[in-house]
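Make a model of the complete structure from these sequences and hints.
Numbering (full-length UniProt numbering), first residue to last: 1 to 1163.
No wet-lab data here; the hints were simulated from the structure.
Some hints here could point you the wrong way.
Quick list of in silico lysine to any residue cross-link-like pairs, SDA-like style, CA-CA up to 25 Å [said to hold, decoys possible]:
| no. | residue 1 | residue 2 |
| --- | --- | --- |
| 1 | K151 | Y1127 |
| 2 | K31 | F21 |
| 3 | K224 | A213 |
| 4 | K947 | Y1127 |
| 5 | K87 | S143 |
| 6 | K87 | F21 |
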Amino acid sequence: METTKSFEISSPEDLDICPVFSFYQRNEGVKEHLARTKRTLLQLLPKPMPFKDQKGLEEWLKKSLPIFTYSECESAPSLVTVRFFSKPLCSLPTETFLQEMIKRWLIPHSETTILSFHHMQFYFEHYLKEPFFVGEAQIVVKSAKEQNLIKMNLPLLQKEILSAVSSGSYAKSILETKALPIDRKAFLVRESLLRLIHRFPEEFDDQILHRFAFAQAYTSDEFKDQRSFPHLTRMITSMYLIRNKLERELRTLPEKRHMIIRFIQTKLSFAFGKKPVLGMVIGLNFFHQFEFFEEKHILLSVQKFFPHMRLVSGSFHRFQPAQSPIVTIYVELEKEDGSRFFPREVSTLREHLTNELSKRIEHLVPSLFMVRNEEEIMRNILLLSQELKRKEDLPQMMISFDQHSQEDLIFTVVLLRVKDQNSRTLEELLDDVDPRIRFIPDRVQNVRYLDKDHPIEANVFRLQIAKLPIFLRMDFSVNLYLARQEVVTFLSRQLGDLRDYNGGMILKQGELLAQFKRLFQDLSARNQELLENFFYSLNPIESQATIPLNCLSFFFDLFLGLADKEFPKKVDYDLDIEQTDGGKFAVMRASEPDYRTIVFEELKAAGIYDRSIVSSVLSFEGSHYLGYYFSTPTEEKAQQFDVAIQAGLEKWAVNRQKLKILRLATSYDVCLDPRIGGDLESSVFIKLLFEGLMRRGLDGAPECAIAESYTLSDDKLRYTFKLRETFWSDGSPLVAYDFEYAWKKILSPSFSTPFTSLFRPIRNAKDAKDGLVSLNEVGVKAVDDRTLVVDLEYQAPYFIELTAHTLYSPINHHIEKMHPNWSTQKDHHFICNGPFKLKANRPMYNYELERNPHYWRNEEIFFDQVLINKTKDRAILDMFKKQEVEYVGVPFNPLDRYWDDLKNQEIYSQDSGVLFWLCLNTEQFPFTNVNLRRALASALNRNEIFKSYFVSNDPSYTILPRHITQHLESDSTIKEDANQARAYFKQALEELNIKKEDIPVITLIYSHESQVRNQIVESIKEQWEDVLGIKSRAESYEWRNFFSQITTGRYQVGMLKWHSWFKDPIYTLNAFKYREEGINFSRWENREFQKLLRLSDQEKDTKLRLQYLAEAEAILLQESPVIPLSYDKSCYAKNPRLEIHSKTFSQDGHYDFTQTSFNLTQN
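Here is the structure:
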């Protein structure tokens, strides 16, 4: 089809196109489609056209394609037009790629609506060498929420599509692997990978994009946030290249173990600093499915060379496709002191680590490394007794391996000795003499007498020995020979010279097990596992060969019956006792294993634990079982047996109930770094972990905490705090500089936070935050370890209250300088100074807190543990009904979502310093006009809005809480008045020079969607339309997204709850002082208002100061950047045994669960 004729192109009309198929002129529909395609094409061409002939067109096409344009997204609902011009893709239809990229990835977690999509492949009549593609899509913008997302993501989508089309054959892989929402870092990583594919096609193909998608999907947001895009790119490429190399080596030597390690020195970025780490990419092949290689193996290998190194929490990332023997792992190392890695250290690891790691590959079923003929042999007592013929003969003993768990090994010992009148019992000689070895007596009896003064005493007992590192081979299998030698050494040390003589009953044991399995051959796979575990748990060990088969089967049936029953919710244990002709059987289970020791002690105290009792100890599916078979009890002994078991279980249950555990749940994301978690929900949990200079006492007033005392200068501008001697949770001393360091970190210009206004009273705090002065000039100074001096910019009578806020908590500056990621830890590496500290997490809890033994008033804290679960509101309600949490409601989750479900519960409510607000974004049209804002405020009947609210809220016309405001009865307030609202509205339209029809549809956003809140919003919408004729829509957001929008000004109207943190008007008023203030949600600013606040700061006379604040509040009310709706109440339901003191929940939104307790007389 190529032509050699040169055409002149003097105008757009000369630019003719034709479809890639023939005979199109015969159909009018195709001709119309072609004409529309040309119109779209002409809209994409620059004006004037940059070419005048065929040659110019050819050069321009090569230089300029692909092209992707889009129209502005101004409002909602509306349309956004996307146009696209390129060469067709070869890997998939271009129209499919374009539609799918728009539909699936423009709005994260939702499908974009494409109203129409017009496209065509064509030739230029002047340039018939190759086809081109033009497409035009009309995208529906349904809401302000979609508008914000589309506006933010269109530029990134543009780059994404242009990058994909430029890379040609890799567009399909990008479409398939783009599994997460668009973000800048992901785009940069993907762009880097595409460059590698083009530059090194022999080394890289589109499979690396699949590796990237896997890493995106299976690493946390924190993982990606803390690592730069070059860092992530190196991680992915290294894992990819190592895997490819291992595949090549395995094809050559499949029977060999292969391992490759690559080191990456880098830094992680956190809110308050960077941390040097050493990344490791490890690739290896497994021989079979039972091999196991995880973090602990890497850590132990590294610590063999450098004990001061540890793994970075959350850095472990593993990739192993199904059915593949190759696994690639990424993990990072850090030093305990936080210092950088030296070349010699990296060199040592590079030289020796491969060999060390290869030795530590573990088998899922640990192999027992035993010396044959020294194990698996047991002789009976008679055999040993025949070896004792004279009173001088050495004691004879047999040692056999019994069982093992993850932590312990248990050996059974049979020891015979010639006893005289002065001999001490073995229990006296062996019990509690070595913390690593526990003596468990079984039975003692005299076998025969050498003479009347010298009986031959037989002792059967078990030794439970901790799994010491010296017993473990590199692959974590147990070297029983070494463990047994430790037992021999222990016995010889305590008893003197002994003769080690072993025998066994392995054959009889195997025969009985085979018969036992045949009896239960129809069991499920689940219970087959239980069968073997049960058999091998029988003790004494000889019972595995001697117990009658019918008794064994009955015993096991009891276990099965208990295992198949649902565990009772209201009790701590479950027990089943049965009597048969064969003897007495008891099987019990509990959620914790420590009850077994107490039951054993009760049986021992009753004098009935002898050789005729067979026991079984095992754990199965989260429950811990204990069983006893008493073969020959008398009626009296059988009764004592029952009583002792029941008494042991009850004793354990009582002890367990004495452990005071507070269980809480929240539906919010919380941050436990006190400098970041300034929101109400986070501060509740931070109070459990941190304590500042002051705290709120039981009377609600500030009282000394870490500060033992303080003084205030005569001019009331300098506070001097004397600190008491206290310690961090790691035992290190807390010093005054820990406060200075923490506060100045918040005031650093590089740290973004909406809560800096709380530090404004401190001298130079605002200027330092704005970067106008050095942090050294901020008025906070640690004079010595126990003295902190704070200089104020102006008199602030509320400053002591401020220091009780969690934002004023200290930070261990030594730890942060070494480990700026300390606050992301969930174990003892999280260093705090409050009543509790973090433990390693339980699977069902997000955080498990335990008492901090270094807390200065530890004895005053009631609870031993606090368990915190993060889950959905509905799940929290279900947990509360099942008594799995003690508390539900504010501040953890709003009760209005499920008020009807709590009608049978006692609901507690109290007045709070919380208000419902409507914030108006004064930077967005039409809320720039004060009369329009007044019209919206006057149009609202508060009583009507809250008539269906689940508690009786009083209407609010003041922006401040009623116990703080000076305008409860004031002409400055704007109350409901429909006629006045219309007058304000008319005046606003005149000032804006618009008609009512020109007012856009208003979007009202809110969080925590519920039926009650939806009704509130609907009432607001209806009243605005009824009174003013203004239409509006409502959109609900998850709290984090909602807070992000209102703090960045990406909204029109927002409904929220406002908390005043202390009893002074200045906190709320200061929020409106500067437009750029993070919590100035309305973006409103007023010079006269600012002047009055400055005068109040400088005024020493209390009455005059309050007068200035009252005048400032009046301006705020009349300007109406915020429409107050109601005074809210704090509502919650609780377990009756949870006692909450009257001032524990204050009017200022302070919730302190360290001041709560249980009524121990309540069940």
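Any hints this thing doesn't respect? Which numbers, in order?
The structure breaks hints 1, 5; every other hint is satisfied.
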